[in-house]
Amino acid sequence: MHIVVCTKQTPDSAAKLTVDEAGNVSWGDSPIIINPWDEYAVEEAILIKERFNGEPKVTVLSMGPEEALEALKHAIAMGCDEGIRVWDEAFENSDTLATSYVLAKAIEKMGDVDLILFGKSAIDSQTGQVPMEVARRLGFSPLTYVIKIVELDFEGRTITVERLLEQGRQVVKAPLPAVIGTVKGINEPRYPSFMGIRKATRAQYPVWTGADIGAEPEKAGAAGSGVRWERIFPPPVREGGAEIIEAETPEEAARILVDKLMAEKVI
Amino acid sequence: MDFELTEEHKMIARMVRDFAEKEVAPYIKEYDRAHKPFTKAIYRMAELGILGICIPVRYGGQGMDYISLGLACEELERVDSSLRVVLSVHVGLNSLGLLQWGTEEQKQRFLVPQARGERFAAYALTEPGAGSDAAALATTARREGDVYILNGEKMWISLASVAHNFLVFAVTDPQAKPRHRGITAFIVEREMKGVTTGDIHGKMGVRAGSTGWIAMEDVEVPVENRLGEEGEGFKIAMSCLDNGRYTIGAGATGLIRACLEASVKYARERKTFGKEIGQHQLIQRMIAHMRRDYEIARLLYLRAGWLKNQGIRNTWQTSLAKWFATEASFAAASNAVQIHGAYGYSDEYDVERYLRNSKGACIYEGTSQIHEIIQAQYALGYREDRPLRCELPAYDPEEWQREA
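If you read the protein sequences in the order shown, they are chains A and B.
Numbering follows my numbering, in which position 188 of the first sequence is assigned residue number 384; successive positions increment by one, without gaps.
Numbering follows my numbering, in which position 229 of the second sequence is assigned residue number 456; successive positions increment by one, without gaps.
Isolated chain A (complex conformation) (with noise of 0.2 Å):
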């Protein structure tokens, strides 16, 4: 029973994006934190292995430069087991079709994966591509926007979900290997614990170099990537204010609101 945790390291939810006029984007000097997304997936592993007597191993999988130990640590210090980072100068510049392919090749590598968790996207770029584009890559079934896992059997390969669509709710079967997106309210993450710091400031985490995974220098980096990056700018300030309707009772304030609207043309 092999879990495997993918996350990535984002700024503060609290940083301030700036873009000079070179197109240089800049967090400032913003703490770098796991994804806030990923800390779902994180727990839900983490309450998979609780439910399993602590027999499953969970693995969490970064792809990044060295920042990137941060939300490995975190998921460590939350319950993970093992934490492994894959890096390689030549992954610079990834979209998610090339960190779809580092990460599966990573997985591959580990062989034995039964399940892959991902956040339902990165506060950052907030694509949430990736966590299909793993699932295809690799053939497992692919399962988005989970908000509860129903039933999990290892032994009889299946996995049952509840996931949360625009229309409704969605209970799905599908056969294991699987690859799950959760989204916020599957759980409630758990903090860090004292005993979980310190193990995750002691332990080791291997970097995996693109030999180590077998990857192709032209399909990761800025060569395996599709996007391409033609201007980028900050969104235009967003003008306008507010108003205060002021009337003498609750209902005269709503009827001046519903002519300001269609005169607005709101409504």
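Accuracy of the hints is not assured; some may be wrong.
Unchecked claim - To be clear about the criterion: a stretch of chain B counts as covered by chain A if any three or more of its residues have a C-beta under 8 Å from a C-beta of chain A, and this derived list gives those stretches:
hint	region
1	228 to 238
2	266 to 280
3	592 to 598
Stated by the list, open to error - Derived contacts from chain B toward chain A, CB cut-off under 7 Å, selection only:
hint	residue
4	Asp245
5	Leu509
6	Trp543
By construction, these hints were calculated from the structure, which means they are not laboratory data.
Don't be surprised by glycine CBs; every beta carbon is placed ideally from N, CA and C.
Keeping the supplied structure of chain A fixed, place chain B upon it in accordance with the hints.
Same frame as chain A, but now just chain B:
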């Protein structure tokens, strides 16, 4: 010389910060406004191991160092003083006192459940007629065979209505000269017959925390519950204050940080005379003072924590950290209100709570005036530390993380 925190320290600070921000910050205003103790926070701190943060693992704690305790206090008080007060009394004043002075049997009986967060602990020195003049206690303990009979009342006791174990100081020898040699320390349990407690209402600050009184009427305390020797109580009380004051200094540092963060945010949002108020030099002056005081206060408490880790007596350094940080936090909070203008005067913003909360710490665990005198006495050579029968153990990671 190394000013860098360890990775462990940083992760602990972050964990405590996340807890305080997620689970306390959204609700604290409501509890403070209602003068209602936010007791849920104590239970959560127990579950997370924070109540045993710097107690050895074999005594039920988490085996972290004294600096971790300081960092936790800073993060807790950044959100609300009532959270830090819990660590001050439960860990600083009580549990560390047991670690320093307790017999092995007492550590097993009292320290283990406290460090695990199964029983909460408080410290009962102050009385209606004995504050700064701590040796003027009126509570008495009369020995009768294998028990002491305690009578008296304690006042301004944090966690009075929540704690299970109280470290109570009482006079066993009224004839002793000087008076403080007649004081003895006892572990009084809430379940003991004759113990009653209640909360004090109408406090200026720390309204989301329990502060109250303990009355003892012919309470029979077994001799096994005596901490240290007869007549050693005053020394125990003072050594506990070395740890309590450390947590207060660290906490007040967090309060300065809260004032600085709130003021910077507001100063960049609010506009007057055509520019954000942060552009005005007199606002900048107040911000600069907060920044200066935060950095000084933090260095002072971290040094005290480092000395504790080394097992070096730190009475004057801790007193300095506490004195400086609490006075500076009061000034920072007052300026934070000033920067917020009329909004700062309303409880719509947090800064008025910071101001009310900051004042208490300039009074308890040695008023600012007591600390001023302590500092002068050390500087003048009128006061020096004598070795204690039991010293606070130095931090030894291997020893502290040993399971048994």
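Going down the list of hints, with the structure as the test:
| no. | hint | in the structure |
| --- | --- | --- |
| 1 | 228 to 238 | holds (count 4) |
| 2 | 266 to 280 | holds (count 3) |
| 3 | 592 to 598 | violated (count 0) |
| 4 | Asp245 | holds, 6 Å |
| 5 | Leu509 | violated, 26 Å |
| 6 | Trp543 | violated, 31 Å |
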